[in-house]
Amino acid sequence: MTERRMPEGPFSGGCQCGAVRFRALALRDNPHVCYCRMCQKATGNLFTALVGVYHENLTWTRGRPAEFMSSDLAARGFCANCGTSLYYRSNGGPHVSMSIGAFDEPHRIPLWYQLGMEGKHPSLMHLADIEEAGTTESAMAEDAATIRVSNHQHPDHDTATWMPALGALP
Amino acid sequence: MTTHTGGCQCGAIRYATDMQPVGVHVCHCRMCQKAVGGPFAVICPVLKTHFRVTRGEMAYFHSSDVARRGYCRDCGTPLTFEYPHVEDLGLLVGTFDDPSQVAPEIQYGNESRVAWYHTLNSLPGDAPTYANDPAMLQRISGSNHQHPDHDTDHWTPHPGGQRQ
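Protein chains in written order, with this note's numbering: chain A, 1 to 170; chain B, 1 to 164.
What the hints contain is simulated information worked out from the structure, not anything from laboratory work.
Just so it is clear, the structure is predicted and the values come from calculations on it, not from any experiment.
One or more of the hints may lead you astray.
Calculated from the model, a selection of chain A residues having no Cβ within reach of chain B, i.e. all distances over 10 Å [unchecked claim]:
#, residue
1, Pro7
2, Ala133
3, Ala141
One side of the interface only, derived from the structure: several residues of chain B facing chain A at Cβ under 10 Å [claimed, not checked]:
#, residue
4, Cys27
5, His28
6, Pro45
7, Phe51
8, Gly56
9, Leu79
10, Glu82
11, Val114
12, Thr119
13, Ile140
Glycine included, C-beta positions come from ideal geometry on N, C-alpha and C.
In isolation and in its complexed conformation, chain A is listed as follows:
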């Protein structure tokens, strides 16, 4: 087996609107997906993709996440202004399991194993075979142009100042 190494930090990231930003000095060697039903619900998705960051290596550089205690043992962090799922953490645990998609460079973070197999849906077994409809630009050029000029998503890098678009609008 080839030797696996985690990419070296630091890493930055945050929520979609930019109200909450974080910095991780280093990542733990546990990047994984979890298919359990609680992770599905927390992210509205088929699984979470998480990587641990020791508490001492994690800094909230802008704003603070809100938390929902999904049980007495664990909390799910999210942005109250835009809803982005930011982390899972167990009470008293040494690290926070950060959502890989919330990092500015999610493509730099590998995946090593999978958990919560009781919740894995059959549709995931043929992911690789699903028809590809190209890029956002090629599939919906006109809308993509409109989105680009009014994109309210925080850019994928830290910013000195940032005014998040208001969430919770009707």
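Since the structure of chain A is provided, determine the placement of chain B on it from the hints.
Relative to the frame of chain A, chain B by itself:
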């Protein structure tokens, strides 16, 4: 007739639709990644005329001037993706009470697809949640604050909060 029900993790928001979603798709675009904090979203379009919120009120983040994303302000669960001017709305697959009934058939936003997408099924690991620690599993299920995967007549969501 109700075809599907679903909602957020804490149960403050519940919804129902009486149609099977059409054109269910994986979206890899960077905006969907950010909204769910994951590598992609699975979006399940239903006609707005066939969709209703049966409990609570969604919060919205306008990710651009042309789209908005619904979520629960109490627990954060991302619930919808929507262009307000079109006739359908996308439900996020994990919010269905039975997500296995809604399978994706096409993928979009391939410019930002993560490199490990095709390897997802070959990752090591075949164990159910906390199979090696049944006591832990018992403690979670004994204090689970997630809404059950069916409608309930009465439900008091566990309160969320701001991290100190």
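Flag every earlier hint the structure violates by its number, smallest first. 2, 6, 7, 8, 10
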